[in-house]
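Undergrad: Since chain A is already given, all that's left is putting chain B on it; use the hints.
2 protein chains.
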Amino acid sequence: MHSPIQQYLDSVHERLFDVHGGEQPKNNPSLAEADPDLCGLAMTTADGYTYTSGDAEVPFSMQSISKVFCYAIALQDRGFRYMDSKIDVEPSGSSFKDLSSEANTGRPKNPLINIGAIAATAQILPDSDGEVFDKILRIMSDCAARQLEVDEISYEADRDGGMHNRALSWFLASWGIIDGDPLPAFDDYSRQCAILTSSKDLSIMASTLTNLGVNPVTGKRVFSRSVAQRVMSVMLTCGMYDDSGDWVSSVGMPAKSGVGGGIISVLPGQLGIATYAPPLDRHGSSVRGLAAHRILSRDLELHFVRTSKAGLSTIRAHETIDHVPSTTRRPESAEAVLAEHGCRAHVLEVMGDLLFSGIEVLSREVATFGSETVCVVVDLSRADHVAEVSIKAISRLATALANVGTALALVDPFDRLDSLLVPVDMRVEIFEDRNDALTWAEDQILIEFGDDSCFPDDSIATPLMFSGLDETIRKKFVSLLKREEYETGEMVRRVGDEFDGIRFIVSGEIHTMTAEDEGGEIIAQLVAGMSFGELALNEVYNQPFDVRAAEPTVVELLSKSAIEKLEKTDPEAAALLWRAIAVEGFIRLGQIMRGVN
Amino acid sequence: MHSPIQQYLDSVHERLFDVHGGEQPKNNPSLAEADPDLCGLAMTTADGYTYTSGDAEVPFSMQSISKVFCYAIALQDRGFRYMDSKIDVEPSGSSFKDLSSEANTGRPKNPLINIGAIAATAQILPDSDGEVFDKILRIMSDCAARQLEVDEISYEADRDGGMHNRALSWFLASWGIIDGDPLPAFDDYSRQCAILTSSKDLSIMASTLTNLGVNPVTGKRVFSRSVAQRVMSVMLTCGMYDDSGDWVSSVGMPAKSGVGGGIISVLPGQLGIATYAPPLDRHGSSVRGLAAHRILSRDLELHFVRTSKAGLSTIRAHETIDHVPSTTRRPESAEAVLAEHGCRAHVLEVMGDLLFSGIEVLSREVATFGSETVCVVVDLSRADHVAEVSIKAISRLATALANVGTALALVDPFDRLDSLLVPVDMRVEIFEDRNDALTWAEDQILIEFGDDSCFPDDSIATPLMFSGLDETIRKKFVSLLKREEYETGEMVRRVGDEFDGIRFIVSGEIHTMTAEDEGGEIIAQLVAGMSFGELALNEVYNQPFDVRAAEPTVVELLSKSAIEKLEKTDPEAAALLWRAIAVEGFIRLGQIMRGVN
Numbered sequence: 001m002h003s004p005i006q007q008y009l010d011s012v013h014e015r016l017f018d019v020h021g022g023e024q025p026k027n028n029p030s031l032a033e034a035d036p037d038l039c040g041l042a043m044t045t046a047d048g049y050t051y052t053s054g055d056a057e058v059p060f061s062m063q064s065i066s067k068v069f070c071y072a073i074a075l076q077d078r079g080f081r082y083m084d085s086k087i088d089v090e091p092s093g094s095s096f097k098d099l100s101s102e103a104n105t106g107r108p109k110n111p112l113i114n115i116g117a118i119a120a121t122a123q124i125l126p127d128s129d130g131e132v133f134d135k136i137l138r139i140m141s142d143c144a145a146r147q148l149e150v151d152e153i154s155y156e157a158d159r160d161g162g163m164h165n166r167a168l169s170w171f172l173a174s175w176g177i178i179d180g181d182p183l184p185a186f187d188d189y190s191r192q193c194a195i196l197t198s199s200k201d202l203s204i205m206a207s208t209l210t211n212l213g214v215n216p217v218t219g220k221r222v223f224s225r226s227v228a229q230r231v232m233s234v235m236l237t238c239g240m241y242d243d244s245g246d247w248v249s250s251v252g253m254p255a256k257s258g259v260g261g262g263i264i265s266v267l268p269g270q271l272g273i274a275t276y277a278p279p280l281d282r283h284g285s286s287v288r289g290l291a292a293h294r295i296l297s298r299d300l301e302l303h304f305v306r307t308s309k310a311g312l313s314t315i316r317a318h319e320t321i322d323h324v325p326s327t328t329r330r331p332e333s334a335e336a337v338l339a340e341h342g343c344r345a346h347v348l349e350v351m352g353d354l355l356f357s358g359i360e361v362l363s364r365e366v367a368t369f370g371s372e373t374v375c376v377v378v379d380l381s382r383a384d385h386v387a388e389v390s391i392k393a394i395s396r397l398a399t400a401l402a403n404v405g406t407a408l409a410l411v412d413p414f415d416r417l418d419s420l421l422v423p424v425d426m427r428v429e430i431f432e433d434r435n436d437a438l439t440w441a442e443d444q445i446l447i448e449f450g451d452d453s454c455f456p457d458d459s460i461a462t463p464l465m466f467s468g469l470d471e472t473i474r475k476k477f478v479s480l481l482k483r484e485e486y487e488t489g490e491m492v493r494r495v496g497d498e499f500d501g502i503r504f505i506v507s508g509e510i511h512t513m514t515a516e517d518e519g520g521e522i523i524a525q526l527v528a529g530m531s532f533g534e535l536a537l538n539e540v541y542n543q544p545f546d547v548r549a550a551e552p553t554v555v556e557l558l559s560k561s562a563i564e565k566l567e568k569t570d571p572e573a574a575a576l577l578w579r580a581i582a583v584e585g586f587i588r589l590g591q592i593m594r595g596v597n
Numbered sequence: 001m002h003s004p005i006q007q008y009l010d011s012v013h014e015r016l017f018d019v020h021g022g023e024q025p026k027n028n029p030s031l032a033e034a035d036p037d038l039c040g041l042a043m044t045t046a047d048g049y050t051y052t053s054g055d056a057e058v059p060f061s062m063q064s065i066s067k068v069f070c071y072a073i074a075l076q077d078r079g080f081r082y083m084d085s086k087i088d089v090e091p092s093g094s095s096f097k098d099l100s101s102e103a104n105t106g107r108p109k110n111p112l113i114n115i116g117a118i119a120a121t122a123q124i125l126p127d128s129d130g131e132v133f134d135k136i137l138r139i140m141s142d143c144a145a146r147q148l149e150v151d152e153i154s155y156e157a158d159r160d161g162g163m164h165n166r167a168l169s170w171f172l173a174s175w176g177i178i179d180g181d182p183l184p185a186f187d188d189y190s191r192q193c194a195i196l197t198s199s200k201d202l203s204i205m206a207s208t209l210t211n212l213g214v215n216p217v218t219g220k221r222v223f224s225r226s227v228a229q230r231v232m233s234v235m236l237t238c239g240m241y242d243d244s245g246d247w248v249s250s251v252g253m254p255a256k257s258g259v260g261g262g263i264i265s266v267l268p269g270q271l272g273i274a275t276y277a278p279p280l281d282r283h284g285s286s287v288r289g290l291a292a293h294r295i296l297s298r299d300l301e302l303h304f305v306r307t308s309k310a311g312l313s314t315i316r317a318h319e320t321i322d323h324v325p326s327t328t329r330r331p332e333s334a335e336a337v338l339a340e341h342g343c344r345a346h347v348l349e350v351m352g353d354l355l356f357s358g359i360e361v362l363s364r365e366v367a368t369f370g371s372e373t374v375c376v377v378v379d380l381s382r383a384d385h386v387a388e389v390s391i392k393a394i395s396r397l398a399t400a401l402a403n404v405g406t407a408l409a410l411v412d413p414f415d416r417l418d419s420l421l422v423p424v425d426m427r428v429e430i431f432e433d434r435n436d437a438l439t440w441a442e443d444q445i446l447i448e449f450g451d452d453s454c455f456p457d458d459s460i461a462t463p464l465m466f467s468g469l470d471e472t473i474r475k476k477f478v479s480l481l482k483r484e485e486y487e488t489g490e491m492v493r494r495v496g497d498e499f500d501g502i503r504f505i506v507s508g509e510i511h512t513m514t515a516e517d518e519g520g521e522i523i524a525q526l527v528a529g530m531s532f533g534e535l536a537l538n539e540v541y542n543q544p545f546d547v548r549a550a551e552p553t554v555v556e557l558l559s560k561s562a563i564e565k566l567e568k569t570d571p572e573a574a575a576l577l578w579r580a581i582a583v584e585g586f587i588r589l590g591q592i593m594r595g596v597n
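Residue numbers (UniProt numbering), protein chains in the order written: chain A, 1 to 597; chain B, 1 to 597.
Chain A with its partners taken away, still in its complex shape (with noise of 0.2 Å):
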């Protein structure tokens, strides 16, 4: 099947042939001789992949695009206090050939526009080998995902006949913003306005800033979290020249225009993309590639305003452990006092945003708890894009149940909290499983209203099936069962597997899992007095799940054979077994259909 992001982008590209007008530079020979019907589009996702259509792989020359990159690289070897002290982030409200400074130091409004890059460019540290262009070609290259090269034709142009930026070097020099000599800077931001790139190696550059400094198609971080943010900032207020204001209102990206026809812009965490068109209109950028980017903000909603979290986080759902069970096999004993007390201990499931919006709505929810509340599950499995601040807000959440003497466990099934979590004083319990944080949570209620009964031994003589059986029919069935040991990641049972008999686990710990080559994931973690096996009754799916020996482990094996023979010996024992299995079955599927709903 042909992508249907694939034939949407492809629909744009033919859409651009109905856009006319423009004009190409006349003083730069490379830009002048550009076919003007040449059209291409690109876009990176945040996880690497690029899509491209038309005239997606011609190279030209960046010029004003490089401004953004030499912003980075420089912020990225002085640092934010250095930079704002040679160059200020306002928006200049002029074109980029004019001369914006502060009146007073010279400090040019903005790194996007001339002055400002050559500015820029003057404050890159050297490499080793004492050459500052190499060093913006390497990083440029970093970010591209591919050694690129300059157009000397370009670069030659550019340097001969740059008398305005010339004027501009000079300036800077005499208001100290450059040191000594500016030519060799001037020199520099003439070759990188000259590399070659085309709009495939754009869209990877722009997606290495929205993807907050590591290039998605390399995995290589460039840029700091912080430097590829505050780029992206400036590009918003200050990329598209005089045309940014209405740029921020109808495209809503930040954005960055060449004139060798290129358009990069970025919606920051998801998207990078790039165009290429050379005519040109008054403000010095592409005809087709503003349509295009106007094109694709409209149709794909990514303006800010809309890409901004919509705050849809709720509770998705909110129960009590008694209505939402966890399935471990609890004696009699344990499941009354559940049933009694388990509208203590609260499980809450949120749905959306981790962000602020998702604590505040949790946080609220919390708050309405009474005094009696024993525990708060909150189940952030279904919760998106969590974040430091998330950490920072469960912190203080935690620490609020803390005072009023309420445990918190979190369900976070991704690991994404143990990632940020920092060895704060955070007393809160963290489970990859739902179920094992419901398990946590009756522990909790069982500890604090229930006795000695309520939990079974780690080795246990009688499996909890036969519980309820009376003293004479339980020893007889316990007289037919066959011991087995297993050691350390044995294997019991296998997918496929025909029904063979009913193991009883006597001491250790057995974990049914899904077949290896389907992931191996653990479904479910049984000990003592649990039973397994019984599943394979199913005639046409037989044994579905691995069972292995989770540690070394005695379970007790009552055969099929064995419950063969007593259903000819003593068919009113078997009706018995058979009626004591039957109930075990719905008995965990109650507990599971509680538990799912």
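These aren't lab readings, by the way, just hints derived from the structure by calculation. Any given hint could turn out to be false.
Said to hold, decoys possible - Quick list of in silico lysine-lysine cross-link-like pairs, DSBU-like style, CA-CA up to 35 Å:
no., chain 1, residue 1, chain 2, residue 2
1, A, 560, B, 560
2, B, 565, A, 476
3, B, 565, A, 482
4, B, 475, B, 565
5, B, 565, B, 476
Said to hold, decoys possible - Away from chain B, derived, C-beta distances all over 12 Å, residues of chain A:
no., residue
6, 19
7, 33
8, 478
9, 551
Claimed, not checked - Some, not all, of what chain B presents toward chain A, calculated at C-beta under 8 Å:
no., residue
10, 291
11, 382
12, 540
Positions of the beta carbon are idealized from the N, C-alpha and C atoms, including for glycine.
TA: Same frame as chain A, now just chain B:
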């Protein structure tokens, strides 16, 4: 428990007392005499909940913050094209008192500087009573969710002392931006600057913008989505006067300050924030207010680069229907077909945003499916942020799939798609319930690869549970059954009922549901051949769900007493019966366990 968000806001309020400096305007007695130590914070969420700290209910005059709402009213009255012909949307790069107008036309650079705001006020169409100001006050009151009033002293001071603004007004008249006498517009402008609002009011007004035009407290739509979007865009580039660039870099939220000491900022879709503290910096913005917005943006990660969708959409799970069966009980012949051909029905679960990035990831995965694919189920239960763009993209995906003969079904439990759906030719099934979608997918496979035996009749003589038994014993069991009939809606079993036997559906439909006081959600839909009542075998919980007839339904009851009688008179048959019940229980447990995982 004290809300952690409230505690946090109080801590920010406290930190502000370490921030000093600033002066109050001398030319307006209301502003000059305000207590410099007043300090109020307020935040209103997208669902209309307001947090406040400090002097958040102290009223003060809006001053320039009114420009935001005044521009919104004019846009709403006159449309974008007309307003753009009167006022540009470019940052002025200059202070609020400058004469920032286009050289040729006099068109003000943007609506958030004085000259632009006066021009915007002049465009507002009067209410039927002929009064422009009454309309301004009415709509601003709608934004604040209460009736606002004017500070007459402040108004008179600004009206009588507003020489500069009078000059700007006459300039606008001279250029024809205002038709005829500009003084009524000047007067309306001066009065709106004197409207009294508290931080709390302003946070609700701001949230009316973030909530795309709907006041989240009252639910009233005040502005259209596009007007709210435009206004927030202009606030981002032009809201903070000549500090806009720095503001965008460091705070990254659309905002507006006023010399009354107020500042508002907006996080689209999420939060309206307002602060009040009278002393101003040299740009005319509240010193403590700026500090507060900076702290909140940093701590809560509200910068637009951070809050933009992180593009984390992922395919959480990709299975085929044989691995994630529905809970529908099928005849054995159907089970065999599904085991063989189920790999032709794909089930994808998308987690994260259903904006462009979500659809993009989905499209890319679907494009890899082979031509043998019969149908695709996309489960959107865990996807968020369903927007119009999603619908367009899903429509494209459905069309692309239809072209290769593959059917598409979506699971959307929140009816988000329905409300956005436009009547296009979208060949896609939408299910609220995942299990219904899985049933649909199985049906697609059975239609293509099964025969009649795969589909049970609407009416069935023999319960599925007995289908594996031999003729004699099956007849014996059937002879024990007692017929019952239920009308539509009639309750068959209630939560808490003790086990009274097993019921088999002969014809009709039965719904298993959560108790009415817990929402009465449907858990399972059962049809002819299936059984219910076995879950009550759990003696702690008894019957865990309500059971109702969804239409006129005939069932046959194998009563508890009939079973007990059989156990005494024919234990061999009883053993077979309990075995069949046990097998049924574990078949269903296996089904749900495979489905849940």
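Undergrad: Next step is simple, just say for each hint if it's right about the structure.
TA: Now the hints, each set against the structure:
no. : hint             : verdict
1   : A/560 with B/560 : 27 Å, holds
2   : B/565 with A/476 : 23 Å, holds
3   : B/565 with A/482 : 33 Å, holds
4   : B/475 with B/565 : 17 Å, holds
5   : B/565 with B/476 : 13 Å, holds
6   : 19               : 20 Å, holds
7   : 33               : 33 Å, holds
8   : 478              : 19 Å, holds
9   : 551              : 23 Å, holds
10  : 291              : 18 Å, violated
11  : 382              : 5 Å, holds
12  : 540              : 4 Å, holds
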